[in-house]
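Next come the chains, spelled out residue by residue.
Number of protein chains: 2
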Amino acid sequence: MVTGNSAPIGVFDSGIGGLTVVHELERQLPHERIIYFGDTARVPYGPKSPATVERYSREISDWLIGEGVKAIVVACNTATAHALPMLREYVPLPVIGVVEPGARAAMRVTRSQVVGVIGTAGTIASGAYVRAIHAIAPSARVVAQACPLFVPLVEEGWLDRDATRLIAKEYLEPLAAAQVDTIVLGCTHYPLLAPLLGEIVRPGVLLIDSAAETAAETSRTLREHGLEAPAPSAPLVHRFVASDAPEHFLRVGQRFLGSAIDRVEKVTLG
Amino acid sequence: MVTGNSAPIGVFDSGIGGLTVVHELERQLPHERIIYFGDTARVPYGPKSPATVERYSREISDWLIGEGVKAIVVACNTATAHALPMLREYVPLPVIGVVEPGARAAMRVTRSQVVGVIGTAGTIASGAYVRAIHAIAPSARVVAQACPLFVPLVEEGWLDRDATRLIAKEYLEPLAAAQVDTIVLGCTHYPLLAPLLGEIVRPGVLLIDSAAETAAETSRTLREHGLEAPAPSAPLVHRFVASDAPEHFLRVGQRFLGSAIDRVEKVTLG
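Chains as they are written, first to last, in numbering that gives the first Met the number 0: chain A, 0 to 269; chain B, 0 to 269.
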């Protein structure tokens with residue numbers, strides 16, 4: 000096991016959506032090695048209860064700690080919304096979530112201070128984004144909308160279909176009515192729907208993907224803790240791990256990662 | 000623990016869909032007490048691998064056996080498709096699935112011997128329905144179609160929406176092209192979509208819900224094993240158990256069961 004600065008960063012998600020965060024980590028932190036865990040045997044987290052999502056997040060963190068990671072990135076909005084406070088108490092390492100970075104990115108670009116947030120049922124019900132935005136801008140108006148069908152639509156690859164357009168129009172209606180000028184894509188699956196969502200929203204509305212901001216926060220956190228990796232002497236090999244059979248992960252994961260995945264390990268938890 | 004003929008029947012599903020089978024068991028077997036387990040912490044099973052679905056099915060069966068059931072009804076098409084042969088070896092009790100009853104019901108009513116089967120990705124990929132139908136009618140033509148978005152649509156209660164209609168038309172297109180005269184609803188969620196599907200298919204096409212036939216097979220199986228319950232001396236109280244928080248189960252479950260649920264217990268597995 001490699002320890003200290005050369006140890007890998009642990010990244011987890013309920014499934015494959017968090018690979019959009021891995022893509023940004025690779026871009027911004029090219030010296031860092033990554034172990035990615037996708038809980039594909041228990042995906043999705045969106046409709047599940049806070050207690051269950053906390054339990055899953057703790058089990059995955061235990062496993063990542065056992066693999067010797069130096070920090071954990073919770074690359075799942077639902078897990079961040081329900082489990083981040085618990086993980087920050089429980090895990091003896093820096094833990095980075097996706098909600099605060101997404102909120103910060105949105106509040107940096109909004110002109111009207113009227114912003115929309117879309118996410119899973121669990122993320123929206125938790126109120127995590129509304130709290131994070133109000134911590135930055137107490138008078139901002141936030142319109143939060145659960146979009147529970149988006150994850151299955153993305154998982155099916157229905158990224159440019161009439162049915163998806165119809166569903167998206169219905170979900171985004173309250174945001175359009177409130178004339179938001181910025182929408183946080185509060186689920187790591189949603190960046191793949193950005194082209195379709197961009198057609199639907201009024202011109203000028205900005206769609207915020209928290210992946211880039213999360214990678215930037217990971218970079219800052221590693222620097223603060225003196226945990227940055229030295230330039231590697233050999234090409235970095237990331238590890239991709241799933242709790243269910245790897246076929247679907249391999250097939251669909253590349254769409255999220257933006258590059259090929261050679262190999263997926265299977266690890267059973269719980 | 001009650002044993003012998005007065006012991007309850009164990010029924011399980013990945014979530015709440017199997018309550019459509021409980022509804023039929025109540026109707027056909029009014030003397031039988033039921034323990035229903037919905038694996039809501041790990042739902043859905045449809046996109047998951049055979050090995051994972053087998054593991055979940057074994058864990059639930061172990062739990063039901065520990066509760067003293069006298070027989071197990073696998074009220075989930077995906078679990079039946081992937082795990083029934085294993086469970087019949089593993090469980091020292093009668094085990095009834097939903098696939099053979101559904102296939103039998105379809106072959107009893109088809110005139111053309113050209114039948115459609117719709118189900119989850121896992122159920123369709125397993126080929127279980129095609130095998131079950133060909134065991135009855137080797138020359139029947141079977142058009143099997145995975146409909147992975149139907150479960151999320153039903154879970155969201157989108158039973159009569161334009162988006163659902165659009166998606167259903169696309170899924171059913173190959174069945175219409177083959178001019179099937181009968182369609183097996185090969186997922187316990189789908190009976191709730193029957194009104195919408197009935198609008199889409201050609202007049203005269205029959206939609207087969209395996210719940211009634213599964214209850215009839217359960218009745219036959221109990222009789223064969225001399226396990227029928229005597230008339231109860233007090234009103235029967237069924238138990239409903241879920242692996243995730245009960246709120247969603249309570250809220251949505253009644254749509255499937257067709258009557259009110261008073262109480263849902265939570266049991267964590269795995």
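It is possible that part of the hints are untrue.
Identical chains blur together in the list; that is why a pair holds if it fits in one copy or across any two.
[Claimed, not checked] Pairs of lysine to any residue residues, derived as SDA-like cross-links and limited to a Cα-Cα distance of at most 20 angstroms, are as follows:
#1 K265 - D61
#2 K168 - L158
#3 K168 - P91
#4 K168 - G156
#5 K265 - E223
#6 K168 - E155
#7 K265 - P49
#8 K168 - H133
#9 K168 - R103
Because the hints were derived from the structure by calculation, they are not lab data. Please read these numbers as outputs of a predicted model, since none were measured by experiment.
Hint-by-hint comparison with the structure:
no.: 1; hint: K265 - D61; in the structure: within (16 angstroms within a copy, 24 angstroms between copies)
no.: 2; hint: K168 - L158; in the structure: both (14 angstroms within a copy, 18 angstroms between copies)
no.: 3; hint: K168 - P91; in the structure: neither (43 angstroms within a copy, 52 angstroms between copies)
no.: 4; hint: K168 - G156; in the structure: both (18 angstroms within a copy, 18 angstroms between copies)
no.: 5; hint: K265 - E223; in the structure: neither (33 angstroms within a copy, 43 angstroms between copies)
no.: 6; hint: K168 - E155; in the structure: both (19 angstroms within a copy, 16 angstroms between copies)
no.: 7; hint: K265 - P49; in the structure: between (25 angstroms within a copy, 14 angstroms between copies)
no.: 8; hint: K168 - H133; in the structure: neither (27 angstroms within a copy, 44 angstroms between copies)
no.: 9; hint: K168 - R103; in the structure: neither (26 angstroms within a copy, 42 angstroms between copies)
Taken one by one, the earlier hints fail for this structure at numbers 3, 5, 8, 9, listed in ascending order.
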